[in-house]
Amino acid sequence: MMLSLVKNPDILATISLTHPELFVVGFAAETQDVERYARGKLVSKNLDLIACNDVSRADIGFASDDNAMQVFFSDRYEKEALTLEKASKDKIAEQLASIIGESIWQRQNG
84 MMLSLVKNPD
94 ILATISLTHP
104 ELFVVGFAAE
114 TQDVERYARG
124 KLVSKNLDLI
134 ACNDVSRADI
144 GFASDDNAMQ
154 VFFSDRYEKE
164 ALTLEKASKD
174 KIAEQLASII
184 GESIWQRQNG
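For the sequence shown, counting from 1, position 39 maps to 122 in the numbering used here; every step adds exactly one.
Please keep in mind that the hints were generated in silico from the structure rather than gathered at the bench. Be aware that one or more of the hints could be misleading.
Said to hold, decoys possible - Listed next, the in silico DSSO-like pairs over lysine-lysine satisfying Cα-Cα at most 30 Å (straight line):
| no. | residue 1 | residue 2 |
| --- | --- | --- |
| 1 | Lys172 | Lys128 |
| 2 | Lys128 | Lys169 |
| 3 | Lys162 | Lys172 |
| 4 | Lys124 | Lys172 |
| 5 | Lys128 | Lys174 |
| 6 | Lys169 | Lys124 |
| 7 | Lys162 | Lys128 |
| 8 | Lys124 | Lys174 |
| 9 | Lys128 | Lys90 |
| 10 | Lys124 | Lys162 |
| 11 | Lys174 | Lys162 |
| 12 | Lys90 | Lys124 |
Turn these sequences into a full structure, and let the hints guide you.
Right, dumping it as structure tokens:
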């Protein structure tokens with residue numbers, strides 16, 4: 084049996100290019116060079132923000148109630164990267180929602 088695969092389109096990159104009025108957020112789960120890979124995706128997909136976590140850590144992520152993330156912004160926002168320290172996934176979600184909301188407000192209001 085032979086299985087032929089077809090590459091899917093890059094949805095984030097397509098949305099960010101076809102709808103520049105939208106604030107586009109990406110998520111990345113990386114096992115190494117987290118910052119480098121996240122920043123690469125931020126640029127290549129033309130994102131406003133990317134949130135990433137290091138899935139090689141056993142104490143956070145998929146098999147844990149806790150998580151930790153790094154948040155990187157597009158250069159157009161002139162914001163430094165943020166680190167969301169290890170906390171419950173609910174707390175991380177609240178922090179991330181707040182960061183995204185503030186960033187959208189900043190984009191709309193200069």
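Checked hints:
{"no.": "1", "hint": "Lys172 <-> Lys128", "in the structure": "holds (26 Å)"}
{"no.": "2", "hint": "Lys128 <-> Lys169", "in the structure": "holds (27 Å)"}
{"no.": "3", "hint": "Lys162 <-> Lys172", "in the structure": "holds (24 Å)"}
{"no.": "4", "hint": "Lys124 <-> Lys172", "in the structure": "holds (23 Å)"}
{"no.": "5", "hint": "Lys128 <-> Lys174", "in the structure": "holds (27 Å)"}
{"no.": "6", "hint": "Lys169 <-> Lys124", "in the structure": "holds (23 Å)"}
{"no.": "7", "hint": "Lys162 <-> Lys128", "in the structure": "holds (18 Å)"}
{"no.": "8", "hint": "Lys124 <-> Lys174", "in the structure": "holds (25 Å)"}
{"no.": "9", "hint": "Lys128 <-> Lys90", "in the structure": "holds (16 Å)"}
{"no.": "10", "hint": "Lys124 <-> Lys162", "in the structure": "holds (17 Å)"}
{"no.": "11", "hint": "Lys174 <-> Lys162", "in the structure": "holds (22 Å)"}
{"no.": "12", "hint": "Lys90 <-> Lys124", "in the structure": "holds (18 Å)"}
Going down the numbered hints, you'll see the structure goes against none, and every one checks out.
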